[in-house]
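Note that the protein sequences, when read in sequence, are chains W and B.
Oh and the first sequence: position 96 is 96 in the working numbering, straight run, nothing missing.
Oh and the second sequence: position 47 is 1047 in the working numbering, straight run, nothing missing.
It is worth saying that the hints were derived from the structure and are not from the lab.
Careful, some of the hints might be misleading.
[Unchecked claim] Below are the EDC-like pairs computed for lysine to aspartate or glutamate, each with C-alpha atoms no more than 16 Å apart in a straight line:
#: 1; chain 1: W; residue 1: Lys-459; chain 2: B; residue 2: Glu-1250
#: 2; chain 1: W; residue 1: Lys-320; chain 2: B; residue 2: Glu-1170
#: 3; chain 1: W; residue 1: Lys-240; chain 2: W; residue 2: Asp-269
#: 4; chain 1: B; residue 1: Lys-1193; chain 2: W; residue 2: Asp-37
#: 5; chain 1: W; residue 1: Lys-272; chain 2: W; residue 2: Glu-450
#: 6; chain 1: W; residue 1: Lys-320; chain 2: B; residue 2: Asp-1101
#: 7; chain 1: W; residue 1: Lys-272; chain 2: B; residue 2: Asp-1069
#: 8; chain 1: B; residue 1: Lys-1193; chain 2: W; residue 2: Asp-258
#: 9; chain 1: B; residue 1: Lys-1161; chain 2: B; residue 2: Asp-1101
#: 10; chain 1: W; residue 1: Lys-459; chain 2: B; residue 2: Glu-1170
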Amino acid sequence: MKKFLALFLCALLAVGVFSGCHGKVEREGFSVPEKFDTNNTYEITFWAKNDTNVTQVEIYKKAIADFEALYPNIKVKLGLYTDYGRIYNDVITNIATGTTPNVCITYPDHIATYRTGANIVVPLDDLFADEKYGLGGSELRFDGPTQEEIVPKFLGECYQDGAHYAVPYMRSTEACYVNKTFVEKLGYEVPDVLTWEYIWEVSQAATEKNADGTFKVNGQKVLLPFIYKSTDNMMISYLKQADAGYSNSLGQVQLFNDTTRSFLEDVRDYTKQGAFSTFKISGYPANFLNAGQCIFAIDSTAGATWMGSDAPLIDIPDDKLVQFETVVRMIPQVDPQNPQMISQGPSLCVFNKEDPQEVLASWLFAQFMLTNQVQIAYAQTEGYLPVTSKAHESEEYQDYLSRSGENNGLYYSVKLDATKLLLDNIDKTFVTPVFNGSASLRDAAGHLIESVTKSTRRKETVDENYIEGLFVETASLFRLTQIGADAGGKAQLGPLPTGSLVLLCALGAVWIGLGTWFFIDVLRKKRKKS
Amino acid sequence: MKKLIALMLALCMVLSLAACTGTEQTPPANENNDDTKPVATEPATDPAPETDPVEPAMTYAEYDAAEMDAEVVVECYVQATQSWWFNSKVNHGVITVYAQDQDGAYFLYEMACEEEDAAKLVPGTKIRVTGYKGTWAGEIEIMEATFEFVEGADTFIAAPKDVTALLGTEELIKSQNQKVLFKGMTFKSLSYKDDEYDKDIYVTLEKDGAEYSFCVENYLTGPDTDVYKAVAALEAGAVIDIEGFLYWYEGVNTHITAIAVAE
Chain W
1 MKKFLALFLC
11 ALLAVGVFSG
21 CHGKVEREGF
31 SVPEKFDTNN
41 TYEITFWAKN
51 DTNVTQVEIY
61 KKAIADFEAL
71 YPNIKVKLGL
81 YTDYGRIYND
91 VITNIATGTT
101 PNVCITYPDH
111 IATYRTGANI
121 VVPLDDLFAD
131 EKYGLGGSEL
141 RFDGPTQEEI
151 VPKFLGECYQ
161 DGAHYAVPYM
171 RSTEACYVNK
181 TFVEKLGYEV
191 PDVLTWEYIW
201 EVSQAATEKN
211 ADGTFKVNGQ
221 KVLLPFIYKS
231 TDNMMISYLK
241 QADAGYSNSL
251 GQVQLFNDTT
261 RSFLEDVRDY
271 TKQGAFSTFK
281 ISGYPANFLN
291 AGQCIFAIDS
301 TAGATWMGSD
311 APLIDIPDDK
321 LVQFETVVRM
331 IPQVDPQNPQ
341 MISQGPSLCV
351 FNKEDPQEVL
361 ASWLFAQFML
371 TNQVQIAYAQ
381 TEGYLPVTSK
391 AHESEEYQDY
401 LSRSGENNGL
411 YYSVKLDATK
421 LLLDNIDKTF
431 VTPVFNGSAS
441 LRDAAGHLIE
451 SVTKSTRRKE
461 TVDENYIEGL
471 FVETASLFRL
481 TQIGADAGGK
491 AQLGPLPTGS
501 LVLLCALGAV
511 WIGLGTWFFI
521 DVLRKKRKKS
Chain B
1001 MKKLIALMLA
1011 LCMVLSLAAC
1021 TGTEQTPPAN
1031 ENNDDTKPVA
1041 TEPATDPAPE
1051 TDPVEPAMTY
1061 AEYDAAEMDA
1071 EVVVECYVQA
1081 TQSWWFNSKV
1091 NHGVITVYAQ
1101 DQDGAYFLYE
1111 MACEEEDAAK
1121 LVPGTKIRVT
1131 GYKGTWAGEI
1141 EIMEATFEFV
1151 EGADTFIAAP
1161 KDVTALLGTE
1171 ELIKSQNQKV
1181 LFKGMTFKSL
1191 SYKDDEYDKD
1201 IYVTLEKDGA
1211 EYSFCVENYL
1221 TGPDTDVYKA
1231 VAALEAGAVI
1241 DIEGFLYWYE
1251 GVNTHITAIA
1261 VAE
């Protein structure tokens, strides 16, 4: 019985120690079938995101209907989300149960996490190159783009670890929507390229008040001169512009550095003066801008239809709306001679399934989303940019761009200015390295700014010690030390955790105990024999 | 000796298994990612050590007078809750609570709360809440809140306050977050935030020639509830009485909890 017990414990120990505990889902790799099977029916699911915009939903539905008309044996079931986070969360949940969607709107950061399971996401290079069903393939029933016709910079953003795991669907960047009327009232002009110094200076100037407590520039009791929607992007963009660390291609975390400290001190100083706030703390930048309570509103170019007195989408009561002139600029820069801004926007990935024909059907649908008819229609719903030069150069799209300001609907000038901001500056866009955990690092970058802003507003002491403590807390909260370990880089991992130390000591003690016991047992047997 | 070895092996096994748990965290799981606001990182209901002095709770008037971003401590009674969810970004559960006392109301946005405690937050329950007063798009709320149950306390469920006459006046906001009643409202139209996953219904109602926005909040009264079905079935021109919580989003945006045909 004792032997059995010992054996059982040893077996359990071995399982515990050597299993790796990761539980990765394994599936066979995908190979492109010779021919698409048109005799069987394939039902595929497509998880998409819309910006609470019914027109976008209609475009998805029309795209599906058009695709199904071309491929009657493929049925596409649409799942709609209003944010990327929930898609990401649901995909993760469904990977564990083998019930991922077939095609999914996603971000490269998310794909990196999906790929921790083997053969979960299909590498698309073989499909790109397939003569019949690849990009521009001979057997396609639609006029899709060739690989060369997908903007190389955007396609490159979908490249991870030696393969393309997605195709870009739409691209946007961030823009600074400026209340030019107020800027001029404060005695400034709006330069072609904004700098951080400029935006802080004007924001600070705007905080001057009348004797009755109202702000001089707007005559209201509320003014947040500078509001940033995505503080993740705010930190990431500043670090990129300042040529400071954020992360590298090995997945090493470089966020906690002197440039970050210095930038957080700026955030603290201008928050203290009432010059700065964030979406998470105060509300949508567009609503403050349109109410005359904000001068510099930074948000995605894909949010342009909400910006300005004449915006087609307004989310505040009529009596709060203020008339002013809106101009669109790049986000503020460290070096205006070398401007840099983030490239963002949804991509499409294809999930692997047991039946290669189902995967091929999914790929055909994903590819259909890159046709001019889908790309141009969807891009026009917001300040999005189509991802193919085929769409950019088309007569239809050129006509659209040329009609800026004809009305405040389809041709709303702020939306078209935001679109052109990206179109004219594709070469100035950047993305951050993608790896398993890069999504958490992005959250951490925003958390630093949100925390400093909140603490400053709460009149807490935000000094060197506070920032050091914030770095430690952020690294822990977002598990950034694990990211360094996962990446296999040479990141400093810090001292061994106590639990691990105890475990190693216990293992050592067991081996010493076993050895001693074995040695004593041998001696006893020798004595008995002798 | 063998017993000792078996014991040590068992200890190692436990430690080995323990080392493998909980390191792979679920990715960000916001109900509404683009719209998320920060939440507390502390656990929900850790009782304060007995030796700690207990800070006296504010009266509603003191809370009302407190500056924005100030730390606040209030005692109030749960009137309703939105659905509990686990926020993996901060690694604990959260719940949004509509709370009130005899003098005023509180909106406790994504208060830290473990799932088993969420089930105990039934209407009438008295809780002690610590957090920061804040405003988001006009809604005054307590952010990053933690709470504890007030043991042995009384219960209180507010009666809806008729604020119909205050519509369109600056007085209305003084009843913010309270359980309220609007009588004789004419239904104009509705739209859904998202027809698949986020099923909030945005409702436009008219009174004396002016239109007002209301909302059936999916996480408060979802598609399975009677009120959700009743609102979804409304026909233009219907005249109804509405009960709800006086929520604010860039203006009044009451979260509907009940409707009835106006008498």
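Those earlier numbered hints the structure runs against, lowest number first: 1, 3, 4, 6, 8 and 10
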